[in-house]
Amino acid sequence: MLLRSLLDTPEITISYDADNQWLYADWKGEHDQESSQRCCMLLLDSLRQWPCHKLLNDNSSISKTTVQISVWGAWWLEEMMRAGLQYVAWIYPAILLPGRQRRPRCS
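Numbered according to this note's numbering, the sequence shown spans residues 73 to 179.
Note that these hints are calculated values from the structure, not bench results. Don't take every hint at face value.
Only pairs whose alpha carbons sit at most 27 Å apart, straight line, appear in this in silico DSSO-like list of lysine-lysine [claimed, not checked]: (1) Lys100 x Lys126; (2) Lys100 x Lys136; (3) Lys126 x Lys136.
Here are the in silico distance ranges between beta carbons for each label pair [stated by the list, open to error]: (4) Ala166 x Arg120: 30 to 38 Å; (5) Ile163 x Gln109: 14 to 22 Å; (6) Met73 x Thr138: 29 to 37 Å; (7) Val143 x Met73: 18 to 26 Å; (8) Val160 x Asp91: 13 to 21 Å.
Note that the structure is a prediction, hence the values are computed from the model and not measured. Glycine is no exception: its CB is placed at the ideal position from the N, C-alpha and C atoms.
Go ahead and model the full structure; you've got the sequences and the hints to work with.
Shown next as structure tokens:
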């Protein structure tokens, strides 16, 4: 798996795997509704520029989130599907899994 970095900000890194034809989104730090929407739009732009059917949405590096499901989120998912997205694999942050201890990441 060779990832080509498309975008790297303090909030999200978006990469593309040409061999397997999928996007990888590595969310970082704290997120609220505004920052999540901003990053979702970056993902939509990336999908439009690098068309593929799969997204690995990695939230394991999120330290805090207050995001709620919204009408905007449903609109965004529809736009992602219009842009070609068919499959999403989602890695949830440890902070959303009560009773589980966070394990250190391997270097």
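Consistency of the hints with the structure:
1. Lys100 x Lys126: Roughly 20 Å separates the two Cα atoms, so the pair holds.
2. Lys100 x Lys136: Within the cut-off at roughly 9 Å; holds.
3. Lys126 x Lys136: 26 Å, holds
4. Ala166 x Arg120: 30 to 38 Å: For arginine 120 against alanine 166, whose Cβ atoms are near 31 Å apart, the range 30 to 38 Å holds.
5. Ile163 x Gln109: 14 to 22 Å: 20 Å, holds
6. Met73 x Thr138: 29 to 37 Å: Since methionine 73 and threonine 138 have Cβ atoms about 32 Å apart, the given range 29 to 37 Å holds.
7. Val143 x Met73: 18 to 26 Å: Taking Cβ atoms as reference, valine 143 and methionine 73 lie about 35 Å apart, which means the hint is violated.
8. Val160 x Asp91: 13 to 21 Å: 19 Å, holds
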